Structure formats: structure tokens, C-alpha cells
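Asker: Residues per chain are reported as follows:
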Amino acid sequence: MQMFFQAAVSGILMGGVYALIGIGLTLIFGVMQVINFAHGDLVMVGMYAAWLLFSHFHVDPFVSILLTGPLLFLLGALLQRGFIQRVLGEAQENQILLTIGLGLLLSNTAMLIFTSDYQLLTTSYSSQAFSVAGVSMSVPLFFAFIVTMLVAFALYVFLMKTDTGAAIRATAQDREAAQLMGINVSRMSVLAFGLGAALAGIAGALIAPTYYIFPQVGHAFTLKSFVIVVLGGMGSVVGASIGGVLIGVVESLAALYLASGLKEAVVFALFLLLLLFRPSGLLGRART
Amino acid sequence: MHRYLLYVFLWVTAACGGSQKSEAPADAPKADEKAGPIKIGFINSITGPEAPIGENLTNGALLAVEDLKAAGVTVELVKQDDLGKPQVAMSAMEQLVTGDQVTAILGPYTSANSNAVAKLAQQYKVPQLIPVASKDEITRQGHTYVFRLNAVSTQYARSLIDAALSFGAPKSIAFIYESADFGTSVSTAGKLYAKEKGLAVVADETYQKGAPDYRSTLSKIKAANPDLVFMVSYVADAILIMRQSREVGLSPQAFLGGGAGYETAQFESEKDISTNVFSVTQWTPGMDWPGAAEFAQRYQAKFGKKPTYHAACTYASLMLLGETANKVHGDREKLRDALASQSWKGIVGDVKFENYDGFTQQNRHEMAVIQYQNGVGTVVYPAERAKAKAVYPFPGWK
Chain H
280 MQMFFQAAVS GILMGGVYAL IGIGLTLIFG VMQVINFAHG DLVMVGMYAA
330 WLLFSHFHVD PFVSILLTGP LLFLLGALLQ RGFIQRVLGE AQENQILLTI
380 GLGLLLSNTA MLIFTSDYQL LTTSYSSQAF SVAGVSMSVP LFFAFIVTML
430 VAFALYVFLM KTDTGAAIRA TAQDREAAQL MGINVSRMSV LAFGLGAALA
480 GIAGALIAPT YYIFPQVGHA FTLKSFVIVV LGGMGSVVGA SIGGVLIGVV
530 ESLAALYLAS GLKEAVVFAL FLLLLLFRPS GLLGRART
Chain Y
5 MHRYLLYVFL WVTAACGGSQ KSEAPADAPK ADEKAGPIKI GFINSITGPE
55 APIGENLTNG ALLAVEDLKA AGVTVELVKQ DDLGKPQVAM SAMEQLVTGD
105 QVTAILGPYT SANSNAVAKL AQQYKVPQLI PVASKDEITR QGHTYVFRLN
155 AVSTQYARSL IDAALSFGAP KSIAFIYESA DFGTSVSTAG KLYAKEKGLA
205 VVADETYQKG APDYRSTLSK IKAANPDLVF MVSYVADAIL IMRQSREVGL
255 SPQAFLGGGA GYETAQFESE KDISTNVFSV TQWTPGMDWP GAAEFAQRYQ
305 AKFGKKPTYH AACTYASLML LGETANKVHG DREKLRDALA SQSWKGIVGD
355 VKFENYDGFT QQNRHEMAVI QYQNGVGTVV YPAERAKAKA VYPFPGWK
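Same order as they appear, the protein sequences are chains H and Y. The first sequence runs 280 to 567 under this note's numbering. The second sequence runs 5 to 402 under this note's numbering.
Just chain H, same shape as in the assembly (with noise of 0.2 Å):
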């Protein structure tokens, strides 16, 4: 029992840094349906913001995601305006070749800089963990979740109470009747992307101190990213935050109980299920 609690809160803290990163893309998808392919290699960059500034300048991470946020908001929003802008409405193929060239661009120019051997982030705490109950968390996991839980939350908030929130809302509910509204979509598009990107790049840093850190190690959680918004219903912020849990517990359970060489067969099989069953997600509007 103690090592189902042990695998659960194991998942549930991963999970956290899951659901970052999958609120990102969802909201970018929301608003403005494009799939950015680019997600996880603004991970990356997070990753390596956060490095350089805890490598040169001794910034500890949790501290420095004050100013990688910022930055990748401000590379997603110039993402945004320069590349992106130009094909929204345009077929989908465009967009995704697009975006995967985007983050081929990112991945190979951290190569160039970085090369690509492997940076690790170790802090003091890197690999101390405390025990609550008989079951260890990671200290820099631990750390990691609740900043992840204060985003989360502050996000929340922002769309939901404030006027910009509802615009971003309304954009993403039907793009043309807010511009009717006299809602600046164009606007709205370069914040979601921008705040996507600074998501994406705060869950970079959190997970730099107890990951490694390499130019294409953004291309994994592209792909679980995609799995946690398809999951949680495309478009659907609350429904990342669950589906990024979700996948965490899947993971850290099928490696308990079945094998740890299985976990990710073991998500992707659930996830087909669910696209038989609830083909628009766990929270999803249904879409044609």
C-alpha cells in the first residue's frame, strides 16, 4: 500500500509539470486553433534560460522562472506576430509544417550554442527528497508542483475575472463574433501565444533541476503534451490540468504494477481508448 501511495504521489507531483506544460499548448490551441508543434522545444528553451541564469549567475531556478517566464513570453509572442500570424485560416498542413520548422529552428540553434551534450542543473537540493507518511517526495518536485499550482491558479483567474481574460475566452469560443464584439483578436492571439510560451518555459525551469537538459529533449514532451490536450478535450484549460495529472498517475502506476518498460504503451493505449469512447476528450466540446 505504501508503494501504490509512494507511485501515486510520485505521478501526481510529475503530473503537475505535465499539466503545465499541456495548459500551454491547449490555450494556444483555444484561441487560436493551431497546434503548436513548437511546444516543447520552448520547454527546452525554458530549460536552458533557466541553466544559463543557475550556471553564470547563480539564480536559483525557482527564483529565476520570474524572469524566464517573461522572456518566453516575449519569444512566443514574437513567434507569434512573425511566423504564426501569417497562417492563421490557411490549411492546417501549413501550419503544422510551420510550426514543426519552428521548433527545429529552436532545437538546432540550442545545438549550435550548447552543442548538444547533456547539461545537468544540480542544486543543492537536487536530489534530497523528505518523508511524509513513509512516502518520499522529491524536494525540487515538491517545489516544482506548487509553483506549478500558483500558475495554474493565477492563470485561472486571469481568464476568468479579469476583462482581458473574457476576451481571450470569447476569442476562443467564436474568433469572428468577438471581433464583432470589438475584441482585437490579432491582440488576443499574440497574449495566448505569449502566455502559452511563458508556460511552457516556467515548466521548463521547474523540471531543469531534477532533469537533464539537451537541445531535442523538447521533442518527448511535445508529444505528451499533445496526449494530455486530446485527452483533457482541445481547448479545455481545466482539462489539461487533469489530463497532465492523469498521465503522471498512469505512468507512475503502470510502472509499479506492471512494467516500468510498459508506461508509456500503458498511457498511449488509454489514450486510444478514450478517443473511442469520448472522441472530443474528457472535457471537450464536441468538434466537427
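Read the hints as simulated data drawn from the structure, not as lab findings. No experiment lies behind these values; they were computed from the predicted model shown. No residue lacks a Cβ here, since even glycine has one placed at the ideal position from N, Cα and C. Take every hint as true, because none was put in to throw you off.
Derived DEER-like restraints, expressed as beta-carbon distance ranges:
no.: 1; chain 1: H; residue 1: L549; chain 2: Y; residue 2: P294; range: 52 to 60 Å
no.: 2; chain 1: H; residue 1: F283; chain 2: Y; residue 2: G202; range: 26 to 34 Å
no.: 3; chain 1: Y; residue 1: K275; chain 2: H; residue 2: M280; range: 30 to 38 Å
no.: 4; chain 1: H; residue 1: L551; chain 2: Y; residue 2: E98; range: 34 to 42 Å
no.: 5; chain 1: H; residue 1: F547; chain 2: Y; residue 2: D292; range: 47 to 55 Å
no.: 6; chain 1: H; residue 1: F393; chain 2: Y; residue 2: N378; range: 27 to 35 Å
no.: 7; chain 1: Y; residue 1: G146; chain 2: H; residue 2: F547; range: 36 to 44 Å
no.: 8; chain 1: H; residue 1: M280; chain 2: Y; residue 2: K201; range: 29 to 37 Å
With chain H held as given, fit chain Y onto it using these hints.
Answerer: Leaving out everything else, chain Y in the frame of chain H:
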């Protein structure tokens, strides 16, 4: 909805099948006397997830090209990048053999890629010398054109378990390893050998490399309470597994790291988690082979870091391959015969490709068991070459 899924699959296939070729001959071919320089194809993981280790192979090969040149042998090294993927390695092989018309092939780095390329080497009748890939099967298929310098994966496990048994009296063992060729082959050999030696295998866990979370697997192993934990990982997951072992409080009598990730400079430098971990290596200057210490110094001076066994084995492989290919003037058939019959001395000790225990053209290479003590990998086994006494059992986490 299904359209998006289709795109995901397209994206995944594109990401997996994409091939970037980087061709950069180390030296511009000079119009030599008669035949021109000896062309040797070098397949290696230059980019992709294996690239950090692949770089060591590249460096070792560069030094060998220099030294061969100093010895009057001009070698043109035709490099191909396999991105760490077997299918890319195979197309690189086709290109080298039919396009570049190389005399012999050096590499690839990983076991999966070497095994894929070995079948083609046999098919095209091109001598292939494998410097570091350790999966047993590669030299157990009766390939007459495939040679291997390094010790096979069975030996990784045997050396480590022998060492542990010589230090104490462990009764049980748990395995955790990455699920690709290298991990499974080392562990399969380890499990067989452990049973032979009367150790109970109490846990047997594979994982997919690149996963960020091994905690539930490690707590499962902790619950099985093994005396020995045997781990096979690549560079980054090795550090992650040790960090998380510390987190969940896994503390057996000994951590046995089956090579690769557990013997990198990066692992060594993470003193918090590497101290008292055992590893086994194909090469270390601590083994006092002729020229090994000098090679280590030159390598350090040129590349600014310590040579790994990958660098040393690749260097030794290319040296003997270049010299021998030069003697036979780049003839593939004669080279094969010469490799099968001659012997060499070098920085990895004596090299002779022999047939034994079902292996063909396999060098019987001696491995060193090391333990990280005060941030330095120190030879602790075999006893006659040991530089320090092993710390056993594991004193627990601080």
C-alpha cells in the same frame, strides 16, 4: 479530430526517419603515390541523443588519423552520422560501401546500430571493426567480415558480479536497465551469471530511456530489499537514477553500474550521488597498458577533457585498421584475412580476433572494475591491478 492524430503520426515518423548526413573527410585526400589514401568509413552518432558519447569516438578517431599520418599512413576517414538510429546507420553503410567505396568500416557506436550494420557488412563483404558496441549477439552470428575490439556485454556483468562476490557475500540482486539493446543484453547476461553464482534475482525492471521519473520503479526495487542493485543506463539517465535512488532511500550493499552512463566524467563529477558506486570499464589509464597514460595526456591536452573508453577503443581500433589496411593496399578481401590472423599491441592491451565460446572474431578484452572514491574512478578489481581497496558494503546515503 483524426486529422490531428494523423499529423502527429506524420510528425513522429518525420522526426524518426529524418536523416542528416554530415560528410567531412578529416583530411583532404592527397594525390598519393599509387593508390591514394586508404578510405575508411566511420559511422558514428554525431548528432541526436547519443551524440555526447559519440563525440568521444570522433575525438579518438581524429587522434588516430594524426598518429597514422605521422607513421606514414594516410587515412581518409569518411564520416557518416547515424543519429543514434539503426535505419539511418544502415543507409549510411550503403552510401559508404557503394558510393564512397571505402576499404573498411569503423563503428557504429551503439549496439543496435552495430548489429544492423554488421548484417550489411557481411552482405557486401566489407570488413567492419566495432570499437565499443557490446551486445553479445553481434559477434555470435558467424559473420566472417565483422570484428570486435571491445569486450562483450556478458563480460560487463561477469566482471561486476565477480567483483561484488570477492568483496562480500551478497545473496540477492535486482536489475534496472534501459530497454534497448545495450541494457537488455548486459542485464540478460547478468541475470544468467547471477543465477550461476547462486544469487537470487529479486527484481527485474526495464525503463525507457529519457523518462524523467523512475521513482516508482526504484521504490518497487527498494521493497524487494536486494543486496546488489545492478543498473545499465546511458549518460543522463544514470545520474537521474542515482539521484532518485537517493530520494527514495534505496541503499543496497552495492550499486553496480554496468558501464556506459556510470563511467562518464559527468557521472564522476556528481560526487553527491556517484560516491561508492561501482562501474566497469573497457579502458582506463589506471590499467597500466603500454601507451595508455601517454594517450590520456595527449587527449586531455588536445580536447580539454579526459578520454573515455570509447575514445581509447576507437583510437586503438582505427590504428590497427589503418595500419593493416595500408599493408594490404586497401584490398577488402586481404584486409579481412589479415584482421582474422594477425595480432596487435596498443593502448587497450593485446588485441587478437579469436573464435571462442560461440563468438567469432572477437577480441578477448580485459575489463576493469572501478569505484568512485572521493570523486575519482579508482580501479578496485581485478585484485592484481587494484589501486585501492573497495568500500563495501555501501555505507548508506548522507
